[in-house]
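Colleague: The chain contents come next:
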Amino acid sequence: MGFLDIDNTTKSYGAVEVLHKVDISVEEGKFLVLVGPSGCGKSTLLNMIAGLEDITSGEIRIKDVVMNGVHPSKRNIAMVFQSYALYPNMTVGQNITFGLEMHGTPKAEREKAMHDVAKLLQIEQLLDRKPGALSGGQRQRVAMGRALVRNPDVFLFDEPLSNLDAKLRVDMRTEIKKLHQNLGTTIVYVTHDQIEAMTLSTRIAVMNGGYVQQLGTPQEIYDTPANIFVATFMGSPAMNVVPATVRLANGRPVAEVALHDGSLAELPFSQDNLAAWEGRDILLGIRPETITDEDAADRKSSNIAHLTNRIVVTEPAGSDTFVSMTLGGKDVIARMRSDAEVRPGADFTFAVNMEKAVAFDPASKNRIVP
Amino acid sequence: MSVAMQDTAIRTGRAVRVLIYLFLLLFALFYLLPLYVMLVNSVKPLSEITGGGMMALPEVWTIEPWLKAWSTAQIGVEPTGLKPYFWNSISMVVPAVAISTILGALNGYVLTKWRFRYDTILFGLMLFACFIPFQIVLIPMAAVLGFLGLAGTASGLVLVHVVYGIGFSTLYFRNYYAVFPTELVRAAQIDGASFFKIFWRILLPSSGPIAVVCIIWQFTNIWNDFLFGASFASGDGAPMTVALNNLVQSSTGVKEYNVHFAGAILAALPTLLVYIVAGRYFVRGLMAGSVKG
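Protein sequences, first through last, are from chains A and B.
Each step along the first sequence adds one to the number in full-length UniProt numbering, with nothing skipped, and position 280 is 280.
Each step along the second sequence adds one to the number in full-length UniProt numbering, with nothing skipped, and position 78 is 78.
Extracted from the complex, chain A is given alone in its bound form (with noise of 0.2 Å):
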């Protein structure tokens, strides 16, 4: 038993099943990330959370308490929307308060917690402002006082930074991830940013179609993806992903791969049970990171593949300098130091960390376990 429990909850409009057996369980004080593209059903998974929506079938609880049918305002929950949804009408400190007002607070007591709140996002001096009158980044903050004050069970945030330019959007997330370390709240947030599910979670919900694709902590999603569809939609740029053969080389399994001319290359495998493999095609999966120079290759790795192939294309981003090649007839994009001295045209020699690769069933797009 979690703090919030999804117990095998679907969701149906009319004939169509939108949202397929969800079970998730979120412990007291954990950041739960919903996180797919658009139309998988994630928001509509947290509006059933609120209470915004019904739920089809199955259980929601909070706290042991069934919250199917309990109306969004006895669920002891706050949320905070992407359009922030500040009453226009109505000053900044009256946004905070409304809820409080609803619900009986006396008057000195909401004044109190509405300063706490106001000082605790500093955002004090704008009090008495309408919401019209304030940026983005404060509105934001306004939005979010307004779901502290309540002193809920449970947050729910609805994609709360997707109207935030870049550089806001980081110093949002960073506070945000704060907030959580400071007062040790149980969030559930809706993104269909990975970044920010990486950075934010410490559990993610990778959703799709209406399905939950892979329920894990953010290493366990990013390492160990359960499908191509976590593979590639979580980290930026995608995981690679590349037909290859399975063959045996001194017993053990390596992937066969071709290169840009046609001939072929080996890379030995860290998962001995691909052995089992052996003749069959596979679709290996390589995250841009490990795929390097020699110089940067992971030290800590046992198992170092060595790779020569033609570069197409490079693209210096600053920080790091995105290599690309031809590899088993895709195109796939290395991750190298800026430094790394490479000419679009030539040929190199990559180091691939095989320890972090991960190969993929072509029929089912599942991850082969180990």
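In short, the hints are calculated from the structure, not lab data.
Just so you know, not all the hints are guaranteed correct.
[As the list claims (entries may be wrong)] When the alpha-carbon atoms are kept at most 27 Å apart in a straight line, the in silico DSSO-like pairs for lysine-lysine are as follows:
id: 1; chain 1: B; residue 1: K197; chain 2: A; residue 2: K107
id: 2; chain 1: A; residue 1: K130; chain 2: B; residue 2: K197
id: 3; chain 1: A; residue 1: K74; chain 2: B; residue 2: K197
id: 4; chain 1: A; residue 1: K112; chain 2: B; residue 2: K197
id: 5; chain 1: A; residue 1: K178; chain 2: A; residue 2: K112
id: 6; chain 1: A; residue 1: K107; chain 2: A; residue 2: K130
id: 7; chain 1: A; residue 1: K177; chain 2: A; residue 2: K112
Following the hints, put chain B in place on chain A, whose structure we already have.
Modeller: Here is chain B on its own, set in the frame of chain A:
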């Protein structure tokens, strides 16, 4: 063309410009002509009008016709002037406008923020009210008023106008609220505000522009209505428009055109006033909500 003049897409010389303004002035004068005739003739003695000087300025200025139209003119059989009927209209129009506007706002709120099955069909049906000609509903309405025991009363007339007005007021508010962010309603729900609290505290305070549009529209229509007033109100309970008709159409005695003109202006004054006071918001409100969606 001088250098100082702003270089717009349309190039016009000074001569063309003068011509354009001349034309506009001419049209403005033309459209103001009826008002001029009414004003001028309402402040001159009857003899000057019958003497053929309808377009001329009065030789003798008098406010006698105004006073007569207001308090002593023969309306039907009683020499009461328009005064009691003016108050009839006011006491009928104010509640009718208020009730139909509030109901329209509530309808708009429910139709956009508390969606239910077949709500668009229901809205479509309500829109019929905007297109049904008055004449069609006269007899059924009379039957309903008789059934409710409101026939010939001021409340009956208020009911008629409220029912007829809901179509338009719902249309205005629905379209205005359609673009009002639903997330605000959801946030208020989570904050624990009830159905009416959300309406009262969140939606209504943001409805200023469309409320002005709705009030002006309803006020003008209901104040100017003649058919319902003539059909469903009787004798002393008649609204201003019916009384004005009775004043002008009286078949006995001398036709006092100057009194008629003064009476007509008196009848038009409230709507004129509403436009002058709130006209600015009217255009703004039309732009803000009702045209979109």
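Colleague: Hints first: check each against the structure and report whether it holds.
Modeller: Evaluated hints:
1. B/K197 <-> A/K107: holds (18 Å)
2. A/K130 <-> B/K197: holds (20 Å)
3. A/K74 <-> B/K197: At roughly 16 Å apart (the allowed maximum being 27 Å), B/K197 and A/K74 satisfy the hint.
4. A/K112 <-> B/K197: holds (24 Å)
5. A/K178 <-> A/K112: Between A/K178 and A/K112 the Cα gap is close to 23 Å, so the pair holds against 27 Å.
6. A/K107 <-> A/K130: holds (20 Å)
7. A/K177 <-> A/K112: holds (25 Å)
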